[in-house]
Amino acid sequence: MSKNKKSTFFDKDSAFKYLVVGSSLVVVIFFAMIFMMLLVRSYPAMANDPLMIFGSNWDVAAGIFGGAPAILGTLVSSAIAVLFAIPISLAVAIFFTEYAPRRIRTGLSVLIDMLATIPSVIFGIWGLWIIAPLVKTHIQEPIVSSIGFIPIFSGPAYGLSLFLASLVLTFMIVPIISSLSISLLSSTPVELREAMISLGATRWEVVKHVALPFSKPGIFAAIILALGRALGETMAVTMVIGNSFVWPFSSPSIFSPASTITSKIASELYEAIDVLHVSSLIELGLILLVITLVINSIARLIATRVSKRSGYT
Amino acid sequence: MRIFSRRAREKVVISILMMLTAVAVIPLFWIVGSIVWNGASVMSIEFLTSLPAPFGSSGGGIGNAIVGTLMINCFASAWGIPLGILTGIYLSEYASAGRLSFIVRSVVESLSGVPSIVIGLFAFTVIVLTVRHYTGIAAALALGLMMIPLVAKATEESMKVVSNDLREAAIALGIPKYNVTTRIVLSMAKGGIISGSLLAFARISGETAPLLFTSLFSFYWPTGIDQPIATLQVLIYNYAISGFGDWVSKAWGASLLLVMMVLVINVAVRMLGRKKY
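Chains as they are written, first to last, in the working numbering: chain A, 1 to 313; chain B, 1001 to 1277.
Calculated directly from the structure, the hints in this document are not laboratory data. One should not assume that every hint holds.
As the list claims (entries may be wrong) - As a list, the in silico BS3-like pairs of lysine-lysine whose alpha-carbon atoms are at most 27 Å apart:
no., chain 1, residue 1, chain 2, residue 2
1, B, K1011, A, K17
2, B, K1160, B, K1190
3, B, K1153, A, K17
4, B, K1190, B, K1177
5, A, K308, B, K1011
6, A, K216, B, K1011
7, A, K208, B, K1160
8, A, K208, B, K1153
9, B, K1160, B, K1177
10, A, K208, B, K1177
11, A, K308, A, K216
12, A, K208, A, K136
13, B, K1177, A, K17
14, A, K308, B, K1153
15, B, K1153, B, K1177
16, B, K1190, B, K1153
17, A, K12, B, K1011
18, B, K1160, A, K308
19, B, K1177, A, K216
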């Protein structure tokens, strides 16, 4: 490098800087373009009737595009999945950090990472052909026949349903919450932990009174992050939810086939011809984008506050 | 009133924790098991190398989908990885406390949280609606965009851990920043950047949603990137929901191949890196 002349040094130096800054700007522009393009292409639907997307009826032939069932389906299926996933992932994290011997820990962390790398479409084919029949006969039918008089558990028991989508989503987000919780729980200050143990506390009491309260805000952030992931999940949900507008207005049962924003786009966009149809689907995508960005920013806000706090201790 | 003594409670807690942990990891074995069980039987040279047979006749394979997935991944990597690395270099070496670095950092963070189907919609609006036909270019645009935050994060992190002493020593010798960055810092961070790029490659290999309405599907060999192209991911989706026995078992075979590809890359990166655990 010493054989270069000084003037070329300067040129290369600033050229490289411009290249690096320019590339970062390109990424920023792409991000801004996602919004702009979705906004521009959903304009026909918004101009036609700005509130139609929140209506309850979706009828392609009649040109009516109300997305309320899909929006509600997205929110409710993800919320149920998060509720299922919280106890499971916290159990994994607590077992991992407090109880598991070293060898089991290594194995468990590999398994959790592998679970996180399984593609969504694989969860879909598994959910569709393996889980759906089992859930139908072993979970839905017994529940429908025993407490089916409660509207949200009423029959008939289709395999493909909102409930099945939530169940598959649960398995997909458990790795996210548990791996983040593991790193939070294991960063509990050793002094606090040892103080509890010296008082004669059992491991569970240490977890309950020290480790969990200490990492509560961070775990909350992890849960919100997982919620954001669940909201945008497409393939597995599309394959198991049944893609129907039965839920929630015709039947409130969680065992009815339903739809989500993602399942609607995935199953209709490639064959949509009508401009209004295409732009309504893009508008649904825009709504999803805004929801997930808000959710992710909240999670990031909490996470930065947590990391600042732990910086002081 | 305590029902259990403290020690007994400890035992109850352990058994509940172990049970729930089992619930979390059983799906992995179940998924891998059912893929191997259902997919291994269709594996053959013909399955891996030939075109799908006409509907109704048996035989045929998924050769074009394998080629298609690799082709789109390569085009996506060709622009996604360099842009990701350059953005990572900016974040690690050139970003000051200014407004631009804050914006770039937030955008990289936010981009990784954008649902893949929304990125697919973006590619659809930009390319498919403009050229008015389905094309692999739109798929490569979407998947490359998904790689950027992953590669940028990996680059930034592996460059940040390079000791500042080296940078300062090099600058004290009068070496310009461009050379410090590319010859010293970058060469020390190379391993992390390569594994980050490989993981991003593995990640987009499983992405299906952005391909559904960009590269669509095809029953023929791809002859160029600017046309509908079959991919393993979309093949699995189309065949699995078709409900025809022969197609469903081909979907299982394709799943086995896809999962093997993704897991092999992940395991290889872990073995090469061997830092994390």
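Could you tell me which of the numbered hints above are not met by this structure, giving the numbers in increasing order? 1, 5, 7, 8, 10, 12, 17, 19
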